[in-house]
Amino acid sequence: MLTRVARAGVRLGYHGLLNRHFLKSALAGKVTILLYHRIAEHDEDPWLEECGVPYTPPSIFQKHLEMLLSVKGQVLTMDELLCVPGNVSRPRFVISFDDGFADNFTTARSILEKYGLRGLFFIATSLPNKHRLWDHRLSWLHGQPPARAKMESMLRAWLPKPMARHNALWCLRHLLPPQEIERMLDTLEGEFSPFPQSIAEKIYGSWEQIRDTANAGHQIGAHTVHHWMRHTIGLESFRSELLASKAELEKQLARQVTAFSYPYNSYLFTDVELCREVGFTQIFTVDPGRFAPGTLQDTVPRRTVFSVHDSLPRFSQLLLD
66 MLTRVARAGV
76 RLGYHGLLNR
86 HFLKSALAGK
96 VTILLYHRIA
106 EHDEDPWLEE
116 CGVPYTPPSI
126 FQKHLEMLLS
136 VKGQVLTMDE
146 LLCVPGNVSR
156 PRFVISFDDG
166 FADNFTTARS
176 ILEKYGLRGL
186 FFIATSLPNK
196 HRLWDHRLSW
206 LHGQPPARAK
216 MESMLRAWLP
226 KPMARHNALW
236 CLRHLLPPQE
246 IERMLDTLEG
256 EFSPFPQSIA
266 EKIYGSWEQI
276 RDTANAGHQI
286 GAHTVHHWMR
296 HTIGLESFRS
306 ELLASKAELE
316 KQLARQVTAF
326 SYPYNSYLFT
336 DVELCREVGF
346 TQIFTVDPGR
356 FAPGTLQDTV
366 PRRTVFSVHD
376 SLPRFSQLLL
386 D
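When we follow the numbering used here, the leftmost residue of the sequence shown carries the number 66, and every step to the right adds one.
Check the hints yourself; a few may be wrong.
[Unchecked claim] Pairwise CB distance ranges, derived in the manner of DEER restraints:
#1 L134 x P259: 50 to 60 Å
#2 D108 x E301: 35 to 45 Å
#3 N84 x R355: 12 to 22 Å
#4 H196 x L339: 17 to 27 Å
#5 L224 x V373: 28 to 38 Å
[Claimed, not checked] The list that follows gives simulated cross-link-like pairs (lysine-lysine, DSSO-like), each with its CA atoms no further than 30 Å apart:
#6 K179 x K95
#7 K195 x K215
#8 K137 x K95
Honestly, the hints are just simulated from the structure, not real lab data. Glycine included, C-beta positions come from ideal geometry on N, C-alpha and C.
Kindly generate the complete structure, drawing on both the sequences and the hints.
Listed below in structure tokens is the structure:
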């Protein structure tokens, strides 16, 4: 007679098998594009995760890939996907990463290649140049209570009626133009502890890592230079961000770069025309929906992986929703 533990094990195995069959059937013929940011433990640089950068632990990322492969899924780059006939019946996935953190090119890449897979990496080109990103500078200051209080006081001077349901960091990111944010940063960093250059050097990927990743068969895309919210900058500034990021990546990689993702998913509806004008043919958002190769789609939707998706049932839901 089976023991209680053995029966529980059988039930778990049976339900796991049912879940795989259901996922395989539900996702057959569909393309799901996932977005990760950092592949790191939750206690690594927690200030950054607390301020909105999603983390996925390496062991969980590996389980995600194993789940995709268990349903006979094909994991492809976008370039590879566009070369595959549109009537493919297997589930297909693209694994993408935004920003350009070092763990993308070490930990994530190593796990992908362990399974013979390739990913799509979007780079904000100020990161490999080791320029401290404005948002990371803000996030670092926001983690210091005295600096946060001063930040909120300065924000009230600029925005007499800030949106009550959002904190100061959200309002600064979404409502102030770059010039005002830079002025605030200069003031606060003169009084409080600034985001250390040494941490930027540690957590930002390098051009050497990015070139090596591209040479290993992974796809590289652009993510602007400075990662500003699109709606806080003008048309010409956005055009400059597109052109400069594309030119820098193509110079560093000695190959054409045609994929682009909007920072913070912030864009205007006319921006897709400008993106195509400067040479981007694969334009990624984080909007709901799925990509259907062979159809006329202006943009490519993705699904962001958050810490809640460390739970495999929640990850399954993300794939199905």
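Going down the list of hints, with the structure as the test:
1. L134 x P259: 50 to 60 Å: 44 Å, violated
2. D108 x E301: 35 to 45 Å: Since the Cβ atoms of D108 and E301 sit about 42 Å apart, the hinted range of 35 to 45 Å holds.
3. N84 x R355: 12 to 22 Å: 20 Å, holds
4. H196 x L339: 17 to 27 Å: This hint holds: roughly 24 Å between Cβ atoms.
5. L224 x V373: 28 to 38 Å: 31 Å, holds
6. K179 x K95: Roughly 25 Å separates the two Cα atoms, so the pair holds.
7. K195 x K215: 27 Å, holds
8. K137 x K95: Measuring from Cα to Cα gives roughly 12 Å; hence the hint holds.
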